[in-house]
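Novice: With the hints as a guide, dock the two chains, each given alone in a separate frame, to form the complex.
Next come the chains, spelled out residue by residue.
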Amino acid sequence: EAGVAQSPRYKIIEKRQSVAFWCNPISGHATLYWYQQILGQGPKLLIQFQNNGVVDDSQLPKDRFSAERLKGVDSTLKIQPAKLEDSAVYLCASSSIKVGTEAFFGQGTRLTVV
Amino acid sequence: AQKVTQAQTEISVVEKEDVTLDCVYETRDTTYYLFWYKQPPSGELVFLIRRNSFDEQNEISGRYSWNFQKSTSSFNFTITASQVVDSAVYFCALSDVLVGRDDKIIFGKGTRLHILP
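Sequence order for the protein chains is D and Y.
For the record, in the first sequence the residue sitting at position 15 is 15 according to our numbering, with numbers rising by one throughout.
To convert, take the position in the second sequence, counting from 1, and add 114; that gives our numbering.
For reference, chain Y alone in the conformation it holds in the complex (with noise of 0.2 Å):
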């Protein structure tokens, strides 16, 4: 079955300071998807970045930063010199494939970020 944990449900730092938010993932299937949103107060979740399980090169995008390790079944998020513009709640998702089954996307509970000026 799949799961996604994102055990960190509140975090606060200091702007400037840099944050990383933790995912972990369950699935039993060999060819799957990872996501990560984030959902500003505004309410709309903003999609960030899409990595396939075939694909472990971390990315680098601006100050956001992606660990992905199969080992491990993570994909960790890293936002390097946070600002306030970045206080939000962050998702990661999880969509795995299967022949002859349509992928459907399920979400962790989310990680509350503050960022502090």
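For reference, chain D alone in the conformation it holds in the complex (with noise of 0.2 Å):
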């Protein structure tokens, strides 16, 4: 089956700029994750969608990102406007309904705010 896919898989852009990056998850999969890893460090969860619902935002600095998950499928991040510390890999994960289940991870977009 096709894993989860993300786009762009690079992106520099300057400060206050805005960026948008998009994920498909895997198909069937209900929940949907958009983790925040700056260099090394682990994945810090930023929103977690239950089909197109928001089951968990308490990280997401909501003063400049912003996610969505229309038709409980494909979903955006964004970014606007972007600080320096915004520099990090965006990686994107789904898994299925079950409480429990491990969650599958796209390749993630390397965003570099200069």
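By construction, these hints were calculated from the structure, which means they are not laboratory data.
Just so you know, even glycine gets a beta-carbon here, dropped at the ideal spot from N, CA and C.
Don't take each hint at face value.
[To be verified] PhoX-like mimics (lysine-lysine), calculated; alpha carbons at most 25 Å apart, straight line:
1) Y:152 with D:98
2) D:62 with D:15
3) D:62 with Y:152
4) D:71 with Y:218
5) D:78 with Y:218
6) Y:130 with D:98
7) D:83 with D:62
8) Y:218 with D:44
9) D:83 with Y:223
10) D:62 with Y:184
11) Y:117 with D:44
12) D:44 with Y:130
13) Y:117 with Y:218
14) Y:218 with D:62
15) Y:117 with D:98
[Stated by the list, open to error] From the derived model, a few chain Y residues whose C-beta atoms are all more than 12 Å from chain D:
16) 128
17) 136
18) 140
19) 142
20) 171
21) 183
22) 192
23) 203
Specialist: If you want it as structure tokens, here you go:
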């Protein structure tokens, strides 16, 4: 089966610009996650969707980050305006709705803010 | 609150040596799941294993083995006869489940493993 698809793979922007990332989860997976991974650290959960509803966005900096999952499939994560500290890899993952199942990750988008 | 601690930031061993990666977790829930993921230089997180809190049996998969001990809240990962291809960052993760609350997966900071030829 196809894995989690993310685009773009790399993005370089100047601070205060905006950027958007796209994720297509594994077919049939109801749960979708966006993680931020800063160099040398573990992934940090930004937002979790179940179908098209948000179940956890407690660590999402809502003044500049937004995410949506229209129709419960694809998702986009947006940053506006970007700051230097947003430089990181943004990982999308998906899992089935069954409790405690593992998440499958995409290759990530490496964002550099200059 | 959930927490995963991987105290070893970086480990280097010579090829063919055995190596153990430590993971200690904290949770107030009685039902939870533990995971190990591998992140090779390509960057993609690769799922290795899942263990639920009611199953304390150790597991072996080829050169990989996992030791789950609830008494010490640890879920350690051992690679036997390490190979250069095992070089990667390894993450331990935890997902706990409360009735009425959706589970989320949180990660430790990872252990970078170098296997030297």
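Novice: It remains to establish, for every hint, whether it holds in the given structure.
Specialist: For each hint, the structure was consulted:
1. Y:152 with D:98: holds, 23 Å
2. D:62 with D:15: Satisfied, since the Cα-Cα distance of roughly 17 Å is no more than 25 Å.
3. D:62 with Y:152: With Cα atoms ~30 Å apart, residue 62 (chain D) and residue 152 (chain Y) exceed 25 Å; violated.
4. D:71 with Y:218: holds, 21 Å
5. D:78 with Y:218: holds, 21 Å
6. Y:130 with D:98: violated, 38 Å
7. D:83 with D:62: holds, 14 Å
8. Y:218 with D:44: holds, 11 Å
9. D:83 with Y:223: At roughly 23 Å apart (the allowed maximum being 25 Å), residue 223 (chain Y) and residue 83 (chain D) satisfy the hint.
10. D:62 with Y:184: Distance ~37 Å between residue 62 (chain D) and residue 184 (chain Y) Cα, so the pair is violated.
11. Y:117 with D:44: Judged against 25 Å, a Cα distance of about 12 Å means the pair holds.
12. D:44 with Y:130: violated, 33 Å
13. Y:117 with Y:218: Since the Cα atoms of residue 117 (chain Y) and residue 218 (chain Y) sit roughly 12 Å apart, the hinted pair holds (cutoff 25 Å).
14. Y:218 with D:62: holds, 19 Å
15. Y:117 with D:98: Holds, at roughly 22 Å.
16. 128: holds, 24 Å
17. 136: holds, 14 Å
18. 140: holds, 15 Å
19. 142: holds, 16 Å
20. 171: holds, 16 Å
21. 183: Holds, because the least Cβ-Cβ distance between residue 183 (chain Y) and chain D comes to about 19 Å, which exceeds 12 Å.
22. 192: holds, 20 Å
23. 203: violated, 9 Å
When the structure is compared with the earlier hints, violations turn up for hints 3, 6, 10, 12, 23 and for no others.
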